[in-house]
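Visitor: With chain A's structure known, arrange chains B, C, D, E and F on it following the hints.
There are 6 protein chains.
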Amino acid sequence: MKQVVTFGEIMMRLSPPLNYRFAQAATLEVNYGGGDANVAAALAGLGVPAAHVTCFPANELGQAAASQFRRFGVNMDHCVFQGQRLGLYFLEVGASLRASKVVYDRADSAFANLDPESFDWAEILKDAQWLHWTGITPAISAAAARATADAIRVARQLGLTVSADVNYRRNLWQYGPRAQDVMPALVAGCDVVVCSENDAADLFGIQAAAGAENSFASMAAQLMARFPQIRRVISTRRKTQSASHERIKGLLYDGTYVETPYYDITPVVDRIGGGDAFLSGFIYGSLHYATTREALNFAVVASALKHTIPGDVNLITAAEVEHIMLGNTTGRLVR
Amino acid sequence: MKQVVTFGEIMMRLSPPLNYRFAQAATLEVNYGGGDANVAAALAGLGVPAAHVTCFPANELGQAAASQFRRFGVNMDHCVFQGQRLGLYFLEVGASLRASKVVYDRADSAFANLDPESFDWAEILKDAQWLHWTGITPAISAAAARATADAIRVARQLGLTVSADVNYRRNLWQYGPRAQDVMPALVAGCDVVVCSENDAADLFGIQAAAGAENSFASMAAQLMARFPQIRRVISTRRKTQSASHERIKGLLYDGTYVETPYYDITPVVDRIGGGDAFLSGFIYGSLHYATTREALNFAVVASALKHTIPGDVNLITAAEVEHIMLGNTTGRLVR
Amino acid sequence: MKQVVTFGEIMMRLSPPLNYRFAQAATLEVNYGGGDANVAAALAGLGVPAAHVTCFPANELGQAAASQFRRFGVNMDHCVFQGQRLGLYFLEVGASLRASKVVYDRADSAFANLDPESFDWAEILKDAQWLHWTGITPAISAAAARATADAIRVARQLGLTVSADVNYRRNLWQYGPRAQDVMPALVAGCDVVVCSENDAADLFGIQAAAGAENSFASMAAQLMARFPQIRRVISTRRKTQSASHERIKGLLYDGTYVETPYYDITPVVDRIGGGDAFLSGFIYGSLHYATTREALNFAVVASALKHTIPGDVNLITAAEVEHIMLGNTTGRLVR
Amino acid sequence: MKQVVTFGEIMMRLSPPLNYRFAQAATLEVNYGGGDANVAAALAGLGVPAAHVTCFPANELGQAAASQFRRFGVNMDHCVFQGQRLGLYFLEVGASLRASKVVYDRADSAFANLDPESFDWAEILKDAQWLHWTGITPAISAAAARATADAIRVARQLGLTVSADVNYRRNLWQYGPRAQDVMPALVAGCDVVVCSENDAADLFGIQAAAGAENSFASMAAQLMARFPQIRRVISTRRKTQSASHERIKGLLYDGTYVETPYYDITPVVDRIGGGDAFLSGFIYGSLHYATTREALNFAVVASALKHTIPGDVNLITAAEVEHIMLGNTTGRLVR
Amino acid sequence: MKQVVTFGEIMMRLSPPLNYRFAQAATLEVNYGGGDANVAAALAGLGVPAAHVTCFPANELGQAAASQFRRFGVNMDHCVFQGQRLGLYFLEVGASLRASKVVYDRADSAFANLDPESFDWAEILKDAQWLHWTGITPAISAAAARATADAIRVARQLGLTVSADVNYRRNLWQYGPRAQDVMPALVAGCDVVVCSENDAADLFGIQAAAGAENSFASMAAQLMARFPQIRRVISTRRKTQSASHERIKGLLYDGTYVETPYYDITPVVDRIGGGDAFLSGFIYGSLHYATTREALNFAVVASALKHTIPGDVNLITAAEVEHIMLGNTTGRLVR
Amino acid sequence: MKQVVTFGEIMMRLSPPLNYRFAQAATLEVNYGGGDANVAAALAGLGVPAAHVTCFPANELGQAAASQFRRFGVNMDHCVFQGQRLGLYFLEVGASLRASKVVYDRADSAFANLDPESFDWAEILKDAQWLHWTGITPAISAAAARATADAIRVARQLGLTVSADVNYRRNLWQYGPRAQDVMPALVAGCDVVVCSENDAADLFGIQAAAGAENSFASMAAQLMARFPQIRRVISTRRKTQSASHERIKGLLYDGTYVETPYYDITPVVDRIGGGDAFLSGFIYGSLHYATTREALNFAVVASALKHTIPGDVNLITAAEVEHIMLGNTTGRLVR
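Going line by line, the protein sequences match chains A, B, C, D, E and F.
Heads up, this note's numbering is the position in the first sequence plus 25, with the first residue counted as 1.
Heads up, this note's numbering is the position in the second sequence plus 25, with the first residue counted as 1.
Heads up, this note's numbering is the position in the third sequence plus 25, with the first residue counted as 1.
Heads up, this note's numbering is the position in the fourth sequence plus 25, with the first residue counted as 1.
Heads up, this note's numbering is the position in the fifth sequence plus 25, with the first residue counted as 1.
Heads up, this note's numbering is the position in the sixth sequence plus 25, with the first residue counted as 1.
Looking at chain A on its own, in the form it has when it is part of the complex:
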């Protein structure tokens, strides 16, 4: 099978153990993750060849981050090591009615300062079938946005499928242009897009029709009309009960609207990367199943499982997902 290639920043995540607050922490647990790298790692675990492309700082922390993704089976051969610092984020894990909290310390990272000329996309993508990126990446710096655009352009030339998680975070866009100026050209090159009604409104000014499910289909239809390359729009819907209790379902529109049942997750072990798990599940499902319904169901179960696994990355097998897709949601001991 040909590779799926992802592009974006990998950060070190530092979190107090259990439910300790930042001020109580005598140790911090180390994980490494990034919205797109998590997709590559999950796919590698599912048996899909995956490569991630990024810029690490040329120091021990960059090496440590890279080695962690190699551990997940991701091809890191196209990564660049230059620059000064690894982006960081500090995560405090909430419980019940106390929210989890993230403190970012990613400004001026090696990735933000990457040189777009470092990446020979024709070479990187030559054995690939799929390129994935997220809306975080072009938000980081002009250089990162430029590299994203380069990757998409080459991917289109080579006939790859391109997917994006638009993932709009207003306060990330600090370097000058607005997301609304940058994102449309990038999304225009995509076949598959993760996009909620809110993001569609904020980024593209698309107003969904009123009403719960119809609103998604309405938005997606408009998005596809605006960007004709898009063939599928997907998203999750959450009924969050508390920091410890999540309910999640998957939505898809490809001309037809499809949704999954809700899956109940209590307790939530680690919610970081739940969206990335959904998207990586959808890529896997698209490559292995005949119907979008199956692919979507695989995606949402994969995402639900992610909520039970510590760290940013969804360490699961396809057999585990498929077992739950058959209705085995009671977590009975497997010997």
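Be careful, since some hints might not be right.
As the list makes no split between identical chains, a pair holds if one copy fits it or if it spans any two.
Within a straight-line C-alpha distance of at most 30 Å, the following computed BS3-like cross-link-like pairs (lysine-lysine) qualify [stated by the list, open to error]:
hint, residue 1, residue 2
1, LYS151, LYS264
2, LYS151, LYS126
3, LYS274, LYS151
4, LYS27, LYS264
5, LYS274, LYS126
6, LYS151, LYS27
Hint data in this document are derived by calculation from the structure and do not stem from the laboratory.
Guide: Below, chains B, C, D, E and F without anything else, positioned relative to chain A:
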């Protein structure tokens, strides 16, 4: 803002990690706490200047306990270091239908043997606006009861607000007089009192009228009639589902009866100090809000948050409480 | 009181901390357990003299396993130390809809290669009142099956009560004969049997009548007709909600059908050994209560408590069980 | 082989991990030990049947302490559970030129308040060959001193060997009589005594002749003259380089003076219990070797090994000691 | 006693446990430290009132850092909270011939971006007797250098003693001017200076005379001639054996040359902050002893002790230092 | 650069933390290693492309082991996943005069049962320049010996350099033929051999001439005469002081005798894999330096560094080794 001053014993708490039983523990987690010191620490975290007064043993453990409360921002300058041992308690954390368990080892502590002459209350309270104590303190020893009485007397002379959590524990009163003999004179000097119907009956022989909420108002009205200095009686009501699942609301009577909605807490991370969090929340609320309803709501949300935080002390900010007071109880990730 | 004697393999259990997956584990937590040894350990904790008989490898790991059960108060004087390796199993703890997973590494263990002549059952059982075994043991090897048969024969001769948990696991039976060939003769020597409808059908070809509770009574009546020594058949029924949430009740048939209410367990801390806790609770109850209803209720509450305790062994006191039997299921703090 | 019986207090030891200071500790490591119980545990590990007699508090901590010594294989059947608190000590582990530090919290323990009538020494010692006690025990309370005297008297009547480690700690003797008043009558009943020149001077007013090794022989000869029951006096001599580096040799006088070479220990992992390891090694050696030289060498190597093992108890095998006695001190990997 | 005030950046230090390499770390241990803040913390522990002045970021990490220094007893009331990020450094602890390694991530920290106008030095220093700073601070940014100059100027006006550790690190000076341009004016305002021959040569072009000890005196005499305010020049000399074994002595020149014996430290537990411990020890010694020899000896023993204590801060008492000054370097257990 | 390929078993190593004994361990630390895989991992870290070939069991533990070596940057694409169990070993870490101890549990592993036909050596080695194996591998089973012989034969055909660490362990050879029967034909195909005088005597009957260094040259000359393909014989010589203190130098004979100085390592952090580090260092050195003296010096410094790094694998950079080769052995802090 002028200081809130609290007085009482600080103990070292030793607990097996996670849900291990005492006999399984190869390590014990260390926390320090006390019903009144926890109030000072929570207030300091909320930005209210707070000082705690106690007697520590003159050894490394006393120093360690003091430094921990300095960490919380509490002024410990009036603490005395004399005597032999730090009071201890061992806590085993239950789950589901298995109760948490406390084994006390506090007899003959430095605090129990304190010299009431060590504390120059006029000096200690000169810059204060509020004095808080709990019913645990006069239960420990005649000396502790004497010091409590001294503090209340001086506080009244200086015009401070005085609050008490009556917190009656029958088996603590071992040194001679009964709680019923000692507590009335102390409570008589208080403006704000935390008292449940059971404690009112046991300590003061006050029988509430029948009926759920009315019973509290009935009790509180009688209590205020008996002790005319009291202006507000508050309490929490709990619908405990299990060791891991709590529901809590706040009650107040100041002539008018007020209550909050129930807040649901599952899982409970650490229930120790939930009552102290309620009272410290109420002090903060009294100092910052126009209405008792707001103060009470702040108090009960603060208490609910405490159940999600490891240790005896409620490490929260006012912004976190106020966010939940607006109805944001689903613990959505804060970036 | 005379001893309860159990016989079977003790394995080392190795599990990643918290909810980590195998591939994430930098450390593994060590426990030791076995379906029958767990019964002895729980009984010793409840104050019933208990001895366990097994074959450990003659190395440091065998010694470590033995010392752990001595810690629980179990008499290990009749254990044999010979052979090469300690059986192992690796346990990954699931959460919510993700199942826990066991990887066995027990083939060719010292216990599987035991010499049945090593055990002088007349000597071992001379001060005993009860012998307990599980269906795991005769599944391991011909030698283990032979030793089980020897123990039962001598126990009958000496007038002991004999109990068995039939616990049929098809994939364990690898050494030649089928369970269906071996188990009937062993079960024939038992007074008390833990057996579900499924196991009765698989092992003995007994088809229960249709219908929820009647099906158990129907099966048990047939089992008692087939094996006249059996006086009581017991089992648990589970309504598993997820890997983190269990509901459990107890069933008994001794001519009359008895069942307990369901007990709710959320969160589940450690479900391994829940069945062993049920059986040990039933032995304790049989020795201390006048009615089977009380014994059964003790058993199911003991099993529910086990789900809240880390490790294979049910570390509880009778007072803790009896407190819950009185309806105190809310886990209120015990000071 | 007949039992060795030891008598004395078992304390919980609480120590910060690694080289952390008390004020830095977020967790404390739990061990249980006592100068005489450590001897029983080491002997059990060496294959010598050993029982320990003590009084534990009737709570979970007493049970935990007892179970820990059962784990070591010590017979705890004669222990009494009554009273309120378990004696504690806090240990901070030094390094290099920073000394380790102990903070005791053992006053008013269950053991100090024991009832001497609880112990039926004729029954306890009926299958024993040896009784061992230390000078700590009669220092704790009059009751403890009385029980020690009872045990020695009965042991003499039954013809046991009696040993003592005089271990004089001036600041422990708080309950009234001086060590100099109490110890002579107890030591008079002993066959084997661990005693340094300093202790002999302080306790018995015996002044050794000047000069390094002769001073020990001189003291021992006087001691044996004063207490004719004593047949052997032993001790260790230390050339302490730092908290992390120890040099140790063994001395013996039984009419003839014997000494071992120095053994070098760097790093020292845990020095607590080094003296107890020496004495237990000497008991083992006395029971297994023809010459006092061999017994003494076994003792000092056992003590050296103890310095490399975490906790109070010397967890070693005789084969390990004998391997080093042959000159294998380089710690070459054993496969 | 009047306060000692220190000024400079506090960083979060993140280190893999034990001797793990960065790439192996699943957790990082958290400490907070800074060359000048460490001096304040050590002095507070020694009983000297101490305040530290810095600029923290206005987030949870800044709060956590501040609370940690409050724990040490340092007055943090003059700290400012503004800006984005807390400076970090990652520390990998070596052993034997493998060096420890530091990776800095401190660029663009809140401290580097401080506003010099935030600090009202007349107010801050009004109750102080001593101001201390290090050469790290003016290296960070023009703003930090400006604030340092302000502090020194006001301290001189108020008649305080001013001390500096010149601590030249070439690669820190990135913002424009060279150290050689900035430092002389700052050092000119100091009474006590820590300076090695190398730093004197690099910073001030002072060439010491040849020869071991004389070289220091020669350099110091020239330094004092150049900067007449300087009354004492001190330094340590190290004979480093390995990452695990250090030898250290103290040197002083105040017209007369004084040195201490070498102190041997093996193993080294944590060498970070050894120089800060020396300087804080010298401040303590200067305030408490009659002679510079005693002050210097206190300083070097304090520094030696620091090498045995985890973290950046020297958590010691004066009694501990003085015990070793009397020659007790063997680390004998203190009960 | 072309790949170095290694072949052999990878085991899971389980060790109690710090210096705990097996019976004390509540957790075990997990590492993965193998004598030849460690060579591949070290080379990958040094920047030499490296692939390892082995047979893992087809379960989660095999996957975990593989992912760990991917983390080190080793190409694991040629590994086979079939069979039942992963070989294990338990390691207890000694200190001072207490030896470390290994308990093997590797019998009947997936590797022992490998199918030699699974490995297409012509394909595996087609891009390689070097093949390395150890004497452990042919000791495990006839299948493993057969696969080793296949690999060597193909490597010779393709013109690769072949190296072996003969590493004779008598008690490993259990499956029939003796090492003396199997090893000569395998060693005959090698260019570089690690062999001590003892191993040469035991395996090949070669008696070295008397005398310290000459003995090695004498043996090596005979070995090269016997196996003409061998061009270089290397080895280490150890002066082991204790389990915590090692001295090591390197020896080489290629017609000329070369040796390095001794390097002192105290404390030893982890001695497992020290020999593998030597050999991988020698491969690196052979590929990068002009002289065997430099290659040998690189090798022995690399080995010395390994003793300071936890785990089986030598996680170092060439710059770190070269820094020490220049004489910087004092471990001075690197900023």
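Visitor: If you test the structure against every hint from before, which numbers come out violated?
Guide: Of the numbered hints, 1, 2, 3, 4 do not hold.
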